[in-house]
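Engineer: Kindly produce the complete structure, drawing on both the sequences and the hints.
Chains as they are written, first to last, in my numbering: chain L, 522 to 793; chain Z, 522 to 793.
FYI, nobody ran anything at the bench for these hints, they're computed from the structure. Please read these numbers as outputs of a predicted model, since none were measured by experiment. Check before you lean on any hint, since a few could be wrong.
Identical chains blur together in the list; that is why a pair holds if it fits in one copy or across any two.
[Said to hold, decoys possible] Below 27 Å or equal to it, Euclidean Cα-Cα: the simulated BS3-like pairs (lysine-lysine) are:
hint, residue 1, residue 2
1, Lys-562, Lys-793
2, Lys-549, Lys-679
3, Lys-524, Lys-550
4, Lys-524, Lys-793
5, Lys-612, Lys-549
6, Lys-542, Lys-563
7, Lys-660, Lys-542
8, Lys-524, Lys-542
9, Lys-660, Lys-563
10, Lys-793, Lys-722
11, Lys-793, Lys-549
12, Lys-612, Lys-550
13, Lys-523, Lys-793
14, Lys-562, Lys-550
15, Lys-649, Lys-660
16, Lys-524, Lys-722
17, Lys-722, Lys-523
18, Lys-679, Lys-542
19, Lys-793, Lys-542
20, Lys-793, Lys-550
21, Lys-562, Lys-523
22, Lys-649, Lys-679
23, Lys-649, Lys-549
24, Lys-542, Lys-649
25, Lys-679, Lys-612
Protein chains: 2
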Amino acid sequence: MKKIINDVALVEDQMILGMVKAYPQYLKKLDGYNVVVRANKKQGKVALISGGGSGHEPAHGGYVGTGMLDAAVAGAVFTSPSPEPIYEGIKAVSAGAGVLMVVKNYTGDVMNFEMAGEMAEMDGIPVKQVIVNDDVAVKDSLYTVGRRGVAGTVLVHKIAGAKAETGADLDTVQAIAQKVVDNVRTMGMAIQPCTVPASGKPGFELSEDEMEVGIGIHGEPGTQRETLRPADEVVDMLMERILADLDYTGHEVAVLVNGSGATPLMELFYCK
Amino acid sequence: MKKIINDVALVEDQMILGMVKAYPQYLKKLDGYNVVVRANKKQGKVALISGGGSGHEPAHGGYVGTGMLDAAVAGAVFTSPSPEPIYEGIKAVSAGAGVLMVVKNYTGDVMNFEMAGEMAEMDGIPVKQVIVNDDVAVKDSLYTVGRRGVAGTVLVHKIAGAKAETGADLDTVQAIAQKVVDNVRTMGMAIQPCTVPASGKPGFELSEDEMEVGIGIHGEPGTQRETLRPADEVVDMLMERILADLDYTGHEVAVLVNGSGATPLMELFYCK
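Structural biologist: Laid out in structure tokens, this is it:
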């Protein structure tokens, strides 16, 4: 495994420490937990909390700030955080108007966020949630029943977070988050596998002329392996699946292109 | 060569087109040239222009905008733009208060920016320049006489760009840019080589446990090849060279960490 690293057992802790140290004007860390919260807590506002496994940076800590998340909970790499840090995060950001949990559709995340939400409700904190499931590639997978939640989650953070910042109530913020979920679709591909530090080996192997289509954010294999094609054809292939899933005809659409953390920007910008 | 790509001959053109199409509120492209300029030209302000080879994204087009650059000129990958597009860029952004060229210290860039500046001066546009040479790794290299200009250039764009935005005159903006140049030092390392699309092959080879220390932004080999060490030791090794070059004792320091375009954020955040 070739990575810039100190200690496999400490990658998450050291990463969260560095993130809050780099941006103290925006971020704080909860003592004892890998939970990043806004430095400027705002009373009377619906609080948004999200999170999941580490290894998806800037998700989720990088989306904490004014107009987006109030807290991000980081599990180990590609592993759901347990209910306890989520519960601590909810209590820390609760500001009198309830808390919305934005959860990506992975079995562990859904279960642990739900449990944490119930614990917080027993403390009298109103908690609601949305489950993001934007990935059209697979219906059921190793990690999920139903569609997976992937990059489209960023748009939920952005749009629901902006609504919460205006002072909207919990039902309204949940409704707008759900509207984003209902309307966002994505699909991914990769030309290289990724390597989880704790495993030390790539999740799968690709030959020099192959791409993996429909890959998930944990580097789990996708729906098909094909010969690598020109960028435009790759985009056509992904768009065909996305548009077959939801008809965007007649609607304005926001387009999000992301490189899964290690694709040079040049390869994301091509346009004719 | 495994890259997401359409056509080796078109990577720069298609990248610039995509960049301005993605951010029309900030960026425009000059007809016929790979020159990105601010969408909101501001009269009476000193204009900043920079540029160089492509392949360093978000440099340089990504630094065009309010408080930073007014124009960025993109050459072919790792190749200086010729004087003509630089000259066209200068004319396009000149707004009555002169133009400052921020040039990284590579022989081709220095020569071509100087020639373009002279052409613009013959048109009556006052032009000044600073040469950025922040890289402490090597004194002379394949690409440069003297120290190379690398990531520290971003701080010149940011600080001199902010000064220009306040309405400062050309001499003042040049002086503050030069002050940044005089005080910024950087050094790089890499665990993988990069591949120029037109060549199709990595610039050098590293074995599974090796790192290249003192690497330049063109993937040119560095000063030494060593066994890959823990992140903290790598940082110590780079900092020792930086601090030996300039004594920062008693000064406040801004720290810039960057991943050369393809390093996951996690590997950049580690902190103890």
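Engineer: State for each hint whether it applies.
Structural biologist: Structure-based check of all given hints:
1. Lys-562 / Lys-793: Classified as between; 26 Å across copies, 44 Å inside a copy.
2. Lys-549 / Lys-679: So Lys-549 and Lys-679 pass the 27 Å test inside a copy (20 Å) and across (26 Å) alike.
3. Lys-524 / Lys-550: within (25 Å within a copy, 38 Å between copies)
4. Lys-524 / Lys-793: between (35 Å within a copy, 18 Å between copies)
5. Lys-612 / Lys-549: Within one copy, since 15 Å is at most 27 Å while 46 Å is not.
6. Lys-542 / Lys-563: Answer is within: at 21 Å inside a copy they meet the 27 Å cutoff, but 36 Å across does not.
7. Lys-660 / Lys-542: Cα proximity of Lys-660 and Lys-542: none, with 40 Å in one copy and 33 Å across.
8. Lys-524 / Lys-542: within (22 Å within a copy, 34 Å between copies)
9. Lys-660 / Lys-563: Neither way: Lys-660 and Lys-563 sit 39 Å apart in one copy and 51 Å across, limit 27 Å.
10. Lys-793 / Lys-722: Between copies, since 26 Å is at most 27 Å while 38 Å is not.
11. Lys-793 / Lys-549: between (43 Å within a copy, 15 Å between copies)
12. Lys-612 / Lys-550: within (14 Å within a copy, 49 Å between copies)
13. Lys-523 / Lys-793: Close across copies (21 Å), not inside one copy (36 Å); limit 27 Å.
14. Lys-562 / Lys-550: within (13 Å within a copy, 41 Å between copies)
15. Lys-649 / Lys-660: The answer is within: 25 Å in one copy meets 27 Å, while 60 Å across copies does not.
16. Lys-524 / Lys-722: Both ways: Lys-524 and Lys-722 sit 11 Å apart in one copy and 22 Å across, limit 27 Å.
17. Lys-722 / Lys-523: both (10 Å within a copy, 20 Å between copies)
18. Lys-679 / Lys-542: both (23 Å within a copy, 21 Å between copies)
19. Lys-793 / Lys-542: between (41 Å within a copy, 10 Å between copies)
20. Lys-793 / Lys-550: between (44 Å within a copy, 14 Å between copies)
21. Lys-562 / Lys-523: neither (39 Å within a copy, 45 Å between copies)
22. Lys-649 / Lys-679: within (17 Å within a copy, 42 Å between copies)
23. Lys-649 / Lys-549: This pair counts as within: shortest intra-copy Cα distance 24 Å, inter-copy 43 Å.
24. Lys-542 / Lys-649: neither (31 Å within a copy, 38 Å between copies)
25. Lys-679 / Lys-612: Classified as within; 22 Å inside a copy, 39 Å across copies.
Hints 7, 9, 21 and 24 from the list above are not met by this structure, while the remaining hints are.
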